[in-house]
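Go ahead and model the full structure; you've got the sequences and the hints to work with.
Under our numbering, residues 457 to 824 are what the sequence shown spells out, in order.
Calculated from the structure, these hints are not laboratory results. Accuracy of the hints is not assured; some may be wrong.
What the hints assert, rightly or not - For lysine-lysine, the following DSSO-like pairs were computed, each having C-alpha atoms within a straight-line distance of at most 30 angstroms: (1) Lys816 - Lys726; (2) Lys726 - Lys638; (3) Lys638 - Lys701; (4) Lys701 - Lys657; (5) Lys646 - Lys684; (6) Lys684 - Lys701; (7) Lys702 - Lys726; (8) Lys631 - Lys646; (9) Lys657 - Lys646; (10) Lys702 - Lys631; (11) Lys509 - Lys816; (12) Lys701 - Lys631; (13) Lys726 - Lys701.
Said to hold, decoys possible - Pair ranges (Cβ atoms, derived): (14) Glu673 - Lys631: 51 to 57 angstroms; (15) Arg560 - Val727: 27 to 33 angstroms; (16) Val727 - Gln652: 23 to 29 angstroms; (17) Glu823 - Gln676: 40 to 46 angstroms; (18) Lys631 - Arg750: 43 to 49 angstroms.
Ideal Cβ placement from N, Cα and C applies to all residues, glycine included.
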Amino acid sequence: MSLNWLVANHFRNLTEIQVRPAPGLNVFYGQNGSGKTSLLEACYFLGVGRSFKDASADPVIERGHHQLLLRAGVRSGDREHQMGMTRDRDGTRSLRINGEKVLRASEMARVLPTLVLGPQTVDLLLGPPDQRRRFLNWGLFHVEQSEPFTPLWDEANRCLRQRNELLRSARGSNKEIAAWSKQLAEASEKLHQRRQDYIQKFQPVYEATVAAISGMEDVQLSYFRGWKESESLYETYIQDIDIDKKRGFTQKGFQRADVRITVSGQAAAKVCSRGELKALVWSMVLSQGLLSQRAQTDTERRETLYLVDDLASEFDEAHRQRVCEFLAATGQQILFTGVESEPLVEACGSKTIEGMFHVKHGQIIQER
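In C-alpha cells, the structure reads:
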C-alpha cells in the first residue's frame, strides 16, 4: 500500500494542492508555517477521520471557507483505490471509496492505515488514558484481524451507554441496571482478552525497538484492564450500583483500561528526561507499525503510511539516524517534514530519498 497522490482543498493553509509522493522515503521541507505539517495532517485526516492536533473539524478548514475537500489514490497490489472526503464547519461529512459512499471512518482507515510521529507523540505517554486506549484500538483493528474489532467495540460502547443512562435516570431500576451490567461485563471481558493477546505480542517487539532506538534497558510496558484482576466484573457492577448512581457513570470496565511504562520499576514519566520519554513513545508507535507488518499473510499484505513531523527538532543526530534507519528498514512509505532537508538526508545516510518537495506558502514544489 502506498499513497499515489493526494489532493487537498481548503485544508488549513493548503488552498489547493496536489502531490504525488514516492512509494519510499519522502522529504517535505520549508519554513515554519509553510504547510508541511498541514500536509501530514491532511493525510491523517483522510485516513483516520480526525486531526492529530485538534479535536474538532472546524480549525482545519481554511479561513473564509465552509468546507474542505480531500481526495487520494492509494495503491494496493496492482489496484488503485480512490478515497474522498468533504467536511463542513458544522461537522457534516461525506466519505467515499471508489465512488461508493461509506458511513464510517474505519472503512477509510482500512484502506489507508496511518501512523503519525511528531512533537505531539509524547502525549501518548504523558496525556490522559483515552489516548493509550486509542493506541490499543489501532492494534486490534489493524493487527488482530482474526475477528473483526468494530462489532465488539460497538457492542461494548452500546452496553456502557445503556448502563450509564439507567444510572442517571430516576426510572432506572436495579433489575434493569443488573441486566445491562451482565451484557457490559461480558463485552468488557471479550475486549480485555483481545487487548491482552495483542499486548503479549507487542511487548517483545517494543522492548527490541526501545533498545534499537534509545539503548535504554529494563524498560517494561504493562497493561491494566480497567478493573482488578481478583474481581469479577459483573459482581463488581452489582456491588457498585449505588455508588455508580451517585456518580452518574460506570467506574470500571474496558473504558478504564490503560498502558503503563516503567524503567527499572519506576514510572517512566517520573524518572526519564524529556528526550528519553520521546524515545520510549516513538518506539511504541514504531513497534505498532512493525507488528502490523509482521501480521501479514501470503494472501494479505499489511502496509502502513508513516507521517514523521519535524524529526530534526525532536531528536539529536544519533537518535535521528536510528529512527531513519529503523523506518527505512520497514520498506514502507514515509513522509518526513523539516525546516531544512539536509538533516533528514544525512540521517537517512545511504538510504535513498526518493521524493524531495519544497513547501512554501501552502504550495508544494517537487524537486525530485
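Okay, the hints, checked on the actual structure:
1. Lys816 - Lys726: 40 angstroms, violated
2. Lys726 - Lys638: 38 angstroms, violated
3. Lys638 - Lys701: With Cα atoms ~17 angstroms apart, Lys638 and Lys701 stay inside 30 angstroms; holds.
4. Lys701 - Lys657: 38 angstroms, violated
5. Lys646 - Lys684: Given that 30 angstroms is the threshold and the Cα spacing comes to 16 angstroms, the pair holds.
6. Lys684 - Lys701: 21 angstroms, holds
7. Lys702 - Lys726: 34 angstroms, violated
8. Lys631 - Lys646: Holds, at about 23 angstroms.
9. Lys657 - Lys646: 17 angstroms, holds
10. Lys702 - Lys631: 17 angstroms, holds
11. Lys509 - Lys816: Cα-Cα ~21 angstroms, so holds.
12. Lys701 - Lys631: 14 angstroms, holds
13. Lys726 - Lys701: 35 angstroms, violated
14. Glu673 - Lys631: 51 to 57 angstroms: For Lys631 against Glu673, whose Cβ atoms are near 54 angstroms apart, the range 51 to 57 angstroms holds.
15. Arg560 - Val727: 27 to 33 angstroms: 41 angstroms, violated
16. Val727 - Gln652: 23 to 29 angstroms: 26 angstroms, holds
17. Glu823 - Gln676: 40 to 46 angstroms: 44 angstroms, holds
18. Lys631 - Arg750: 43 to 49 angstroms: 48 angstroms, holds
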